[in-house]
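J.: Listed here are the chains, written in short residue letters.
Number of protein chains: 4
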Amino acid sequence: MVQRIDLNCDMGESFGAYTIGSDEKLLESVTSANIACGAHAGDPTVMDRTIRLAKEHNVSIGAHPGFPDIAGFGRRMIDFSPDEIYRMIVHQIGSLQAFCKVHGVQMQHVKPHGAMYNLAARNHDAADAVARAVYDINAELVLFGLAGSELLTAGRKLGLTVASEVFADRTYQADGSLTPRGRVDAMINDVDYAVQQVERMLNEGVVRTVNGGSVDIEADTICIHGDGKHAISFVEKLRAMLERAGIVVSSIGD
Amino acid sequence: MVQRIDLNCDMGESFGAYTIGSDEKLLESVTSANIACGAHAGDPTVMDRTIRLAKEHNVSIGAHPGFPDIAGFGRRMIDFSPDEIYRMIVHQIGSLQAFCKVHGVQMQHVKPHGAMYNLAARNHDAADAVARAVYDINAELVLFGLAGSELLTAGRKLGLTVASEVFADRTYQADGSLTPRGRVDAMINDVDYAVQQVERMLNEGVVRTVNGGSVDIEADTICIHGDGKHAISFVEKLRAMLERAGIVVSSIGD
Amino acid sequence: MVQRIDLNCDMGESFGAYTIGSDEKLLESVTSANIACGAHAGDPTVMDRTIRLAKEHNVSIGAHPGFPDIAGFGRRMIDFSPDEIYRMIVHQIGSLQAFCKVHGVQMQHVKPHGAMYNLAARNHDAADAVARAVYDINAELVLFGLAGSELLTAGRKLGLTVASEVFADRTYQADGSLTPRGRVDAMINDVDYAVQQVERMLNEGVVRTVNGGSVDIEADTICIHGDGKHAISFVEKLRAMLERAGIVVSSIGD
Amino acid sequence: MVQRIDLNCDMGESFGAYTIGSDEKLLESVTSANIACGAHAGDPTVMDRTIRLAKEHNVSIGAHPGFPDIAGFGRRMIDFSPDEIYRMIVHQIGSLQAFCKVHGVQMQHVKPHGAMYNLAARNHDAADAVARAVYDINAELVLFGLAGSELLTAGRKLGLTVASEVFADRTYQADGSLTPRGRVDAMINDVDYAVQQVERMLNEGVVRTVNGGSVDIEADTICIHGDGKHAISFVEKLRAMLERAGIVVSSIGD
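Residue numbers (UniProt numbering), protein chains in the order written: chain B, 1 to 254; chain R, 1 to 254; chain H, 1 to 254; chain G, 1 to 254.
Take the hints with a grain of salt, since some may be wrong.
The list cannot tell twin chains apart, which means a pair is met if one copy fits it or any two copies do.
The list that follows gives simulated cross-link-like pairs (lysine to aspartate or glutamate, DMTMM-like), each with its CA atoms no further than 25 Å apart [stated by the list, open to error]:
#1 Lys25 x Glu243
#2 Lys237 x Glu28
#3 Lys101 x Asp125
#4 Lys55 x Glu84
#5 Lys55 x Asp83
#6 Lys101 x Glu140
#7 Lys237 x Glu84
#8 Lys101 x Asp185
#9 Lys157 x Asp125
Keep in mind the hints are simulated off the structure, nothing from the lab. All of these numbers come straight from a predicted model, not from anything done at the bench.
So here's chain B without its partners, still in its complex pose:
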């Protein structure tokens, strides 16, 4: 049976005179673009340009809502209620949808950003708020979330199509969670090993853990990091090696 995987990357996170990421270059390798909506990053000009670029590269478009906190890039935990989270997501997806409309493209998915992503991964009420916002705006949208997270559970319960997100360049712990970034064994820098990790996820449905065991995992989409010096060479190699291994790299909807 043919194995398929999506490669998703955060995009459109520049802001005014400030540039972050190498969107145009990354769009040559990824299959799904998570586009910031002007709350944790991005602005109307950046959103417009990023959608146009994604369309030109035939990359699937998703909304990437985050906490309204450009100064903190949406990475700081802020004490929002589930109702506030629901409403900020409605607001953000709506604004990106309008750009999709004027560019004549469909929005495929939604992936929350940073602190919102982490909160929705472990907190039931936040997960439910995110999933309901997506469902209420457009029940056809695919909800991206951490494999095994509360967010995916909440999405499935509402009948949303969900995509389990995994990491090729991060190690996993015995309980299936990611090894925290501070730890020396958190990152995988060897592209060969990263590809093996993805192959094992797809073929065996498991991932090796840092303590030598393995744990079940679903893998629909790989999170590609757009920052870092080697971001572009990493994703180019990763994609090439996945395809060499017979894995079809394509967006969720294809």
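For chain B, the structure is supplied; the task is to place chains R, H and G on it using the hints.
T.: Relative to the frame of chain B, chains R, H and G by itself:
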């Protein structure tokens, strides 16, 4: 022939802990609500609540986009290009549309705010940018603008339905423009005279000017100011007296 | 022995077109004004006007730094590090100091706002960051904090003069903490009882607790709430009755 | 007679997760740093770090106030009154002064940014507002402005020390103004020619103009651009060649 007029009012301009306006009370008298989209005023919580209230009062809902400048309440002129204006309107209408979707209501119209309204009234390129943004998002939306303005011309050229906005409580100059607020004869405080002004607009298609003449004017909707001590009593009296004069007060779409 | 108490109130929390509080009226009754610095509330125009008004009313001026979060009015917990808190306080006190300079007045004190106040009351590292920022800018400033809090301990350790803040209109629990606002017995609406509570604090160094006991408390300054319908009549009565009880109402520095 | 020139550069314009400029590298070549104050760019963490770096490199520190508009990087014209400009400068200089205090350094100068710089160069009232704000906060501060501008006239009138800013890499028009950037002959890319231009300013008090004439100009400080691919190599060469030409490169206060 039955004369009809719409009463529109800016709404949803509170922000976080800050309250402006008496939205709930005003919704009892007006027929169209122009709802701020979080750029010059408003936030997702306020947008959500205002749409719910407008729906409950059966008042038509419109987007009220403005310059992204909460500190200046969208009243300060900022040097934006027409392209930037186009994109900020796409962003803002989109976010309000999403709240309409989750509340199961239709958006009826768009009326720009403050400095954006004034710029689009007199500047061809800005007017064209506003009108195109509205058209590209949803060609069924009604575009509200100052009677006789560049904005309405731009909207008509694209095939949009437009609504000519007039003022019951402001005087007009010989060229059809509003007497600037600083002038002693700018405001009409007498409700009887305000109603007469509206009647004359509807029956004769003209408005008396401060120099004693009269000038042609179209009148589809009256701008109701929500602030000021007497805002609510003014609109209540105005509506009652318009109805007594046999003028049907109803939203544009009815 | 003469008992003295300071009455402090948050001020200058309006923002652009948005007005909060009745600063001018309250300045007739309070002795210390905590002036927002443009981060959780306020802006340069509001800061300037509030300092001018406080000077005219001969009310002592303090900085009221808060989390940089106007949308949340500084009330939301945001995950800032102690170093970030130190720097935001330096920034905010500095900006208010400059307005003091151009108005020819001295800054007397610093009182943190909202979530920052609560965090610094219970968290040692945050308390230390706040106290160090105040000390490093001007070791003569008086640090206001919740009576019995970590913040006052941190201030004293650095050699700062501190002022213990108490509440006339809130009840206390057995451990000396305030009864949470959600509880039915949290508020004291009877001004007579509020004055008795303050008298007992000053004369006996204790406060009655909701469970019928009493607990030690120091009282240098009373927090006056500027919002609420009865804010002004409450502070007017409170001040009159304190003075009738022979308590001198004056600012900390007097 | 020994000729002296200052090299000044905008710094501290990063913001949160967004980085702009190569501050640390540029500090090796310039003699005055204009540090953003969190309004058009910068934040408390960036201000703190930039002052520490400038101190380590023994570079003179100045405030770089701008319009409060991070989304537009302070480059967009916004319709502020002179009073508003006065207050935003008080606020911004004050906040930077506090960081100077905690780092134990003196602030040397103030140079307005972007749209504020351009407005104060040609508009008398804006120039007066900027100069008064600087004077009222600290009459010892040096005011940097475009050579021949209204801003320097306003500063001199108040008794401030002013520094005439010139450009090594820009051409001048017959009236002494800079050739607009859009023009093909606006920029000087040849470092030799740039140094000749500066030498002529210092030795003869004139600058050649694009139409072949020359015009009087005072030159106290050269504006170094921190962005652009060749920013660092340009300033390194410029400084080396100025020193080779016998010109002392040192800050205004030295």
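J.: Work down the list of hints and note, for each, if the structure agrees.
T.: Hints versus structure:
no. : hint            : in the structure
1   : Lys25 x Glu243  : within (19 Å within a copy, 43 Å between copies)
2   : Lys237 x Glu28  : within (12 Å within a copy, 39 Å between copies)
3   : Lys101 x Asp125 : between (31 Å within a copy, 22 Å between copies)
4   : Lys55 x Glu84   : between (31 Å within a copy, 20 Å between copies)
5   : Lys55 x Asp83   : between (33 Å within a copy, 19 Å between copies)
6   : Lys101 x Glu140 : both (16 Å within a copy, 14 Å between copies)
7   : Lys237 x Glu84  : neither (40 Å within a copy, 38 Å between copies)
8   : Lys101 x Asp185 : neither (44 Å within a copy, 42 Å between copies)
9   : Lys157 x Asp125 : within (13 Å within a copy, 42 Å between copies)
Hints 7, 8 from the earlier list are contradicted by this structure; the remaining hints agree with it.
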